[in-house]
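Given the structure of chain F, go ahead and fit chain C onto it with the hints provided.
Number of protein chains: 2
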Amino acid sequence: MSHLSAGVDLGGTKIQAAIIDGKHAVRGKARVATPTAGGPDAIVEAIVSAVREAADAADVEVAHLGGIGIGAPGAVDAERGVLAQAPNLAGWDAPYPLAQHVEAACGCKVRLGNDVTMAVLGERELGAGSQLQSFAGIWWGTGVGGGIVLDRELWHGRGAAGEVGHMVVRLGGLAEPNGLIGTLEAYAGRRNMEARARAAVAGGRSTLLFDLMAAKGKSQLSSSVWQQALESGDGLAVELIDDAVEALAAAAANLVNVLDLEAIIVGGGLGSRLGQPLADRIARATQPHLFQPALPPRFIVAELGDLGGAIGASLLITEHHGDR
Amino acid sequence: MSHLSAGVDLGGTKIQAAIIDGKHAVRGKARVATPTAGGPDAIVEAIVSAVREAADAADVEVAHLGGIGIGAPGAVDAERGVLAQAPNLAGWDAPYPLAQHVEAACGCKVRLGNDVTMAVLGERELGAGSQLQSFAGIWWGTGVGGGIVLDRELWHGRGAAGEVGHMVVRLGGLAEPNGLIGTLEAYAGRRNMEARARAAVAGGRSTLLFDLMAAKGKSQLSSSVWQQALESGDGLAVELIDDAVEALAAAAANLVNVLDLEAIIVGGGLGSRLGQPLADRIARATQPHLFQPALPPRFIVAELGDLGGAIGASLLITEHHGDR
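Protein chains in written order, with our numbering: chain F, 1 to 324; chain C, 1 to 324.
For reference, chain F alone in the conformation it holds in the complex (with noise of 0.2 Å):
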């Protein structure tokens, strides 16, 4: 048994890596490219191959760590080790023992959380949330997700607390390709954003967003590419951001009035990479929605960055539990 252990963040573009000592640092880490083809068994093996190259750099032999915690972008069953739906991996199409086969191929012990509870657990833990008591996580991506902190505690309710993402927001707007109407995520979700602005762009309106797309070689609307073009003053991206930042408000806004929150942590990609700056305009746009005013919670953009999901992770196996 080792003082060191690996977190694994299982995105639906890459696998994130890391092996973490006994004080939380990160002693080596690897990124590589999440399969697109041969669903499960392939998706397993790219996984052992980040941890053995995150391995490697750190020194150590995979079957001598402690363990390996890992963030899945899904419905976790943690206590069998299975996820069960991951709409965003390809090929996930049934439940299927995730840890049981990582166990097998590395030889050490294999626990799995949802992603995005993961990312929430590490800011808690030794992030933008270690001094806090109580707050929200809003995970700004492809998706929205988040997770709520209640007295250092993650809320589970019944299993599936922490949707921010799918409150509604705006009664009679946009759908969700689920179905749900006038959400967060309608607005504000990565994917969602993407597709309003190719429909603009269907529709004759000109934007610079899918020009710096294909400059920077990618495939979709990356965070990268949504913070060039608003650099660059795009129409288009001004105005869809604006909408996400009104319905990120919104959302901030109803946490606060019904939990009275300390602070709201703003992570995820399109979160973190636009950082403070919007941070704070999403505070500004909270404001007015407060029953409470005089009592506003702090904003503050998470802290551990793009290794936040995995370190997240490593604490599945370095604490008892991760959370209660």
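FYI, nobody ran anything at the bench for these hints, they're computed from the structure.
Glycine residues also receive a C-beta, built at the ideal position from the N, C-alpha and C atoms.
One should not assume that every hint holds.
Some chain F residues near chain C, calculated using beta-carbon distances under 10 Å [claimed, not checked]:
1) ALA161
2) VAL164
3) VAL169
4) LEU171
5) PRO177
6) ASN178
7) GLU262
Listed next, with one range per pair, are the computed distances between beta-carbon atoms [as the list claims (entries may be wrong)]:
8) GLU303(F) <-> PHE210(C): 37 to 47 Å
9) GLY204(F) <-> LEU295(C): 42 to 52 Å
10) GLY39(F) <-> ALA294(C): 23 to 33 Å
11) GLU79(C) <-> GLY275(F): 16 to 26 Å
12) GLN287(F) <-> PHE210(C): 33 to 43 Å
13) GLN220(C) <-> GLU303(F): 49 to 59 Å
14) GLN276(C) <-> ARG196(F): 37 to 47 Å
15) GLY22(F) <-> GLU79(C): 53 to 63 Å
16) ASP93(F) <-> VAL201(C): 54 to 64 Å
17) PRO87(F) <-> ALA195(C): 42 to 52 Å
18) GLY217(F) <-> GLN276(C): 38 to 48 Å
19) GLN276(C) <-> ALA75(F): 48 to 58 Å
20) ASP211(C) <-> ALA175(F): 39 to 49 Å
For chain C alone, coordinates are given in the frame of chain F:
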């Protein structure tokens, strides 16, 4: 010291007092109109007279009661027994030591709490929430208040949690008089529904609402007026209640998507009056907004009815704290 205590529900229109025994049974009750002139002093007199009348009915001396708990409609400093703000009480223009004055007149200890909070606690202990771990109360009346119970504890946040009525459900929608836009209360608060009805009539719309109000000798559209108008199929009443149900459903879905609660308890004047059929309608309207439609919350009408606020307030005396 008696095993009997009193609970008082101080409302904008009426003051309800009840004498409660050690098994939380009602042994006497009285209701007086809330004075609309004379400010806090007149309201203290009215509270004392309601408690006296209820005590007479229960055949007990007021000075022999274990104490009097008061639920007050506004910002309460429970420790100091001060009602700081109460926009629905005429002449309550500054913080006033309500507990101290009632105590002096009655000769027994007095404890103060927020009226909706007391009603939600009453339901948790003795009513619709007695078998639930985690639920939200949505109190649908003149305004829309509420309370969040998590693992049997009322969640306070930094002291101001539970303002479910001020959640945004329609960005860019109707305004409350306080300037908040598109909130649940803007659509479902009885005061705001009445303002919309009056505006519709001023615009030439016909409705039975104000005839029913006059026939009942009321000066406002009370819950019973709304009920009768609905039963008569009045077009404007149906339309405004439809809007209210839609907003209540969005707010309920937001609470469940974020907190994954077992149940929503619907209380308040309109909630209790319109009863389970309306709660069932809200449940059906909530369903399409749920991220996990297979795991809906239950929708239950508050069970303690008109006396719920007073019974809940009596818990300030009989329980050590009333909440955590």
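How the hints compare with the structure:
Annotation: ALA161(F) was flagged as interfacial toward chain C, and the flag holds, the nearest CB pair being 4 Å apart, inside 10 Å. With its C-beta approaching chain C no nearer than about 6 Å, VAL164(F) sits inside the 10 Å limit, and its interface hint holds. The closest approach between the C-beta of VAL169(F) and any C-beta of chain C is roughly 6 Å, which is under the 10 Å cut-off, so the hint is satisfied. With a cut of 10 Å, the hint placing LEU171(F) at the interface with chain C holds, because the nearest CB-to-CB distance is about 4 Å.
For PRO177(F), the suggested interface contact is broken, since its CB lies about 13 Å from the closest CB of chain C, more than 10 Å. At about 8 Å, the closest approach between the beta carbon of ASN178(F) and any beta carbon in chain C falls short of 10 Å, and the interface hint on this residue holds. For GLU262(F), the shortest C-beta to C-beta distance to chain C is roughly 7 Å, which falls under 10 Å, so the interface hint holds. Look at GLU303(F) against PHE210(C): about 58 Å separates their beta carbons, and that is not inside 37 to 47 Å.
Between GLY204(F) and LEU295(C), the C-beta spacing of about 43 Å keeps the proposed range 42 to 52 Å intact. Between GLY39(F) and ALA294(C), the C-beta spacing of about 25 Å keeps the proposed range 23 to 33 Å intact. At about 41 Å, the CB distance of GLU79(C) to GLY275(F) disagrees with the hint of 16 to 26 Å. The hinted range of 33 to 43 Å is satisfied by GLN287(F) and PHE210(C), whose Cβ atoms lie roughly 38 Å apart.
Taking the beta carbon of each, GLN220(C) and GLU303(F) are about 52 Å apart, inside 49 to 59 Å as hinted. Range check, GLN276(C) to ARG196(F): about 41 Å between beta-carbon atoms, so the 37 to 47 Å window is met. In this structure the supplied range 53 to 63 Å is violated for GLY22(F) paired with GLU79(C), their Cβ-Cβ distance being about 44 Å. The hinted window of 54 to 64 Å between ASP93(F) and VAL201(C) holds, with their beta carbons roughly 58 Å apart.
As the Cβ distance of PRO87(F) to ALA195(C) is approximately 44 Å, the hint placing it in 42 to 52 Å holds. Evaluation of the 38 to 48 Å hint for GLY217(F) and GLN276(C) yields a failure: the beta carbon distance comes to about 59 Å. Taken as a hint, the range 48 to 58 Å is violated for the pair GLN276(C) and ALA75(F), whose Cβ atoms sit roughly 33 Å apart. Under the hint 39 to 49 Å, the C-beta atoms of ASP211(C) and ALA175(F), about 41 Å apart, fit the expected range.
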